[in-house]
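Engineer: Residues per chain are reported as follows:
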Amino acid sequence: MAFNVLVVDDSAVMRKMIVKTLRLSGLPLGEIHEAGDGQEGLRVLEEHWIDLAMVDINMPVMTGEEMIARVRENPQTRDLKVIVVSTESSETRIDMLQDQEAGFGAGFVHKPFSPETLRQKIVDLTGVSCDELTGDGIAPGSGPDF
Amino acid sequence: MLPEPVLEPERLTTPATAAVSVPFRGPVNGRLVVAVAGDILPAIAANMLAEDDLPSDHQQQDALREIANVICGNLLPRIAGPKAVFKISAPEAIPAGTLAGSCQRESPAAAVHIGLDLGRADVMLFLTSEAAHHTGQP
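Quick mapping for you: the protein sequence lines, in order, are chains A and B.
If you use our numbering, the first sequence corresponds to residues 1 to 146, in order.
If you use our numbering, the second sequence corresponds to residues 1001 to 1138, in order.
Worth flagging that the hints you see were computed from the coordinates, not collected in a lab.
Glycine included, each C-beta is placed from N, C-alpha and C at the ideal position.
Among the clues, some could well be false.
Claimed, not checked - Distance ranges between label pairs, derived from CB positions: (1) B/Arg1105 / A/Glu66: 31 to 39 Å; (2) A/Glu47 / B/Ala1093: 48 to 56 Å; (3) A/Gly103 / B/Ala1090: 27 to 35 Å; (4) A/Ala69 / B/Lys1083: 35 to 43 Å; (5) A/Pro112 / B/Pro1005: 18 to 26 Å; (6) B/Val1006 / A/Glu132: 45 to 53 Å; (7) B/Glu1092 / A/Asp79: 33 to 41 Å; (8) A/Glu132 / B/Gly1097: 52 to 60 Å; (9) A/Arg23 / B/Val1112: 30 to 38 Å; (10) A/Glu31 / B/Asp1117: 40 to 48 Å; (11) B/Ile1114 / A/Val61: 32 to 40 Å; (12) B/Glu1051 / A/His48: 22 to 30 Å; (13) B/Ala1111 / A/Pro112: 35 to 43 Å.
Taking the hints into account, I'd like the entire structure generated from these sequences.
Structural biologist: If you want it as structure tokens, here you go:
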């Protein structure tokens, strides 16, 4: 199975780093889409089948929290697997997000992250087996470390 | 890029080539400023993108904004505690030539100057008000 992935972040550099990490992860990838804010992310979800979304929290126009809430309200997208990739460090806000996401497929990766951390979170969340991973995965230091 | 253990005084006064400010509101209000001098920004952006090619000016600015955002997001809980909630605004570019004047009008509450072989990076924290729970401001 190939995963269609949506990367939502207002930083084009960060989106590129995440996409590069995805390509190095060995995850069987289908289409990769990018969006610069939550509203744009929702538009992509309306137009394309997405298996996994990597979503930043603090973004202009529509935050990641609001986007994820809209995703959960929509029967078409409510089971979407989401990884929040954010600088958010407040335990209060992270706990709230995790409570909101309890029962759904969601994970949290804190910036700065290493490619290995992101890959492991993807593997944990998608349940992809080692047999399905292509290549040797990420060698330490092989990708952007942020 | 290699860090230099001692930053010579003349290196400290080299004007910044790029700077961004990240405003925040919460238990304390203020902004975090990250400025770079010399040739370090292209190297930082290329490192983030894991590319050998010179990143575009837009990518370099974007990289600096993201670095400032990450530093700010990680610094604030260390100041106000892990449960404190902050509203961190999008990083804003500081127009070239205005940073020095801004720093003369207002002293940072804390500042770190990092010397590197390619230039210098400054991280400055400006606090603008009392704790929000004292003022009733979010």
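Engineer: Confirm or reject each hint.
Structural biologist: Hint check results:
no.: 1; hint: B/Arg1105 / A/Glu66: 31 to 39 Å; in the structure: 37 Å, holds
no.: 2; hint: A/Glu47 / B/Ala1093: 48 to 56 Å; in the structure: 32 Å, violated
no.: 3; hint: A/Gly103 / B/Ala1090: 27 to 35 Å; in the structure: 31 Å, holds
no.: 4; hint: A/Ala69 / B/Lys1083: 35 to 43 Å; in the structure: 22 Å, violated
no.: 5; hint: A/Pro112 / B/Pro1005: 18 to 26 Å; in the structure: 24 Å, holds
no.: 6; hint: B/Val1006 / A/Glu132: 45 to 53 Å; in the structure: 52 Å, holds
no.: 7; hint: B/Glu1092 / A/Asp79: 33 to 41 Å; in the structure: 38 Å, holds
no.: 8; hint: A/Glu132 / B/Gly1097: 52 to 60 Å; in the structure: 54 Å, holds
no.: 9; hint: A/Arg23 / B/Val1112: 30 to 38 Å; in the structure: 35 Å, holds
no.: 10; hint: A/Glu31 / B/Asp1117: 40 to 48 Å; in the structure: 42 Å, holds
no.: 11; hint: B/Ile1114 / A/Val61: 32 to 40 Å; in the structure: 34 Å, holds
no.: 12; hint: B/Glu1051 / A/His48: 22 to 30 Å; in the structure: 27 Å, holds
no.: 13; hint: B/Ala1111 / A/Pro112: 35 to 43 Å; in the structure: 21 Å, violated
Hints 2, 4, 13 from the list above are not met by this structure, while the remaining hints are.
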